[in-house]
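Given only the sequences and the hints, what does the whole structure look like? Please build it.
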Amino acid sequence: MLRLAIPKGRLLAPSLQVLAQAGLVLAEDPQGSRKLSFAGTWHEVPVQAFVIRAQDVPVFVERGAADLGIAGRDLLAEGRPRVFEPVDLGIGRCRLVVAAPEKIAQRGLPAPGARVRVATKYTNLARAWFAARGVEAEVVKLYGSVELAPAVGLAERIVDLVETGGTLRANGLIEEATILEVSSRLIVNPAAWRTKEALVRLVFAVQRACKEEHA
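Oh and the sequence shown: position 48 is 48 in this note's numbering, straight run, nothing missing.
Think of the hints as simulated: they come from the structure by calculation, not from any bench.
Take these hints with a grain of salt, some might be off.
Claimed, not checked - Pairs of lysine to aspartate or glutamate residues, derived as DMTMM-like cross-links and limited to a Cα-Cα distance of at most 20 angstroms, are as follows:
(1) Lys-121 - Glu-176
(2) Lys-121 - Glu-213
(3) Lys-103 - Asp-88
(4) Lys-103 - Glu-176
(5) Lys-8 - Glu-62
(6) Lys-121 - Asp-88
(7) Lys-211 - Asp-88
(8) Lys-121 - Glu-156
(9) Lys-8 - Asp-56
(10) Lys-196 - Glu-62
(11) Lys-8 - Asp-29
(12) Lys-121 - Asp-29
(13) Lys-8 - Glu-156
What you are looking at is a predicted structure, and each value in this text was computed from that prediction instead of being measured.
So this is what it looks like as structure tokens:
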């Protein structure tokens, strides 16, 4: 039995597509279902797939509740779970950026020695990025509606994920810098990698499927 953690939301469909190309067959389609657990097979190997919040996938894999999963590079860089990252799947591409209202952005990024207030859920990455530039960041942790923070006085800047930048523009924000280029990775529990031969074969099958997709 292999246990697989798949993220809900916008990554669900492309994740299922990559896994199907690698030979995974699920008994039911998770899309549109309220169920969280789905039975399946991979070349006669039984598979249990969990469809869970993206933020929880690295926790499931690190703790051994799942043998492998799919997680964004942003979550991996922020939380630094003890997992292997053998395959960049090339899906869910976006950027983690610093953004500010136009009046603030026009002044340029803060100089070394400055202090800034930043709203984000990526507290570790935000602090580290500003600290590397000699800037002290007071981080306000938000889990959503981050783009509102400058408008209501919670913060001068935000750090958030963007794809096209449309949401930033709609809320009067200007992209100032890119902290991280993000895509989704296949992640693996280290103990499962050492003990489950079928898991290793599945990882290589996913890797081949990705190469064929992007050839």
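query: Among the hints numbered above, which are violated by the structure, and what are their numbers in rising order?
result: As far as the earlier hints go, 2, 3, 6, 12 and 13 are violated by this structure, in ascending order.
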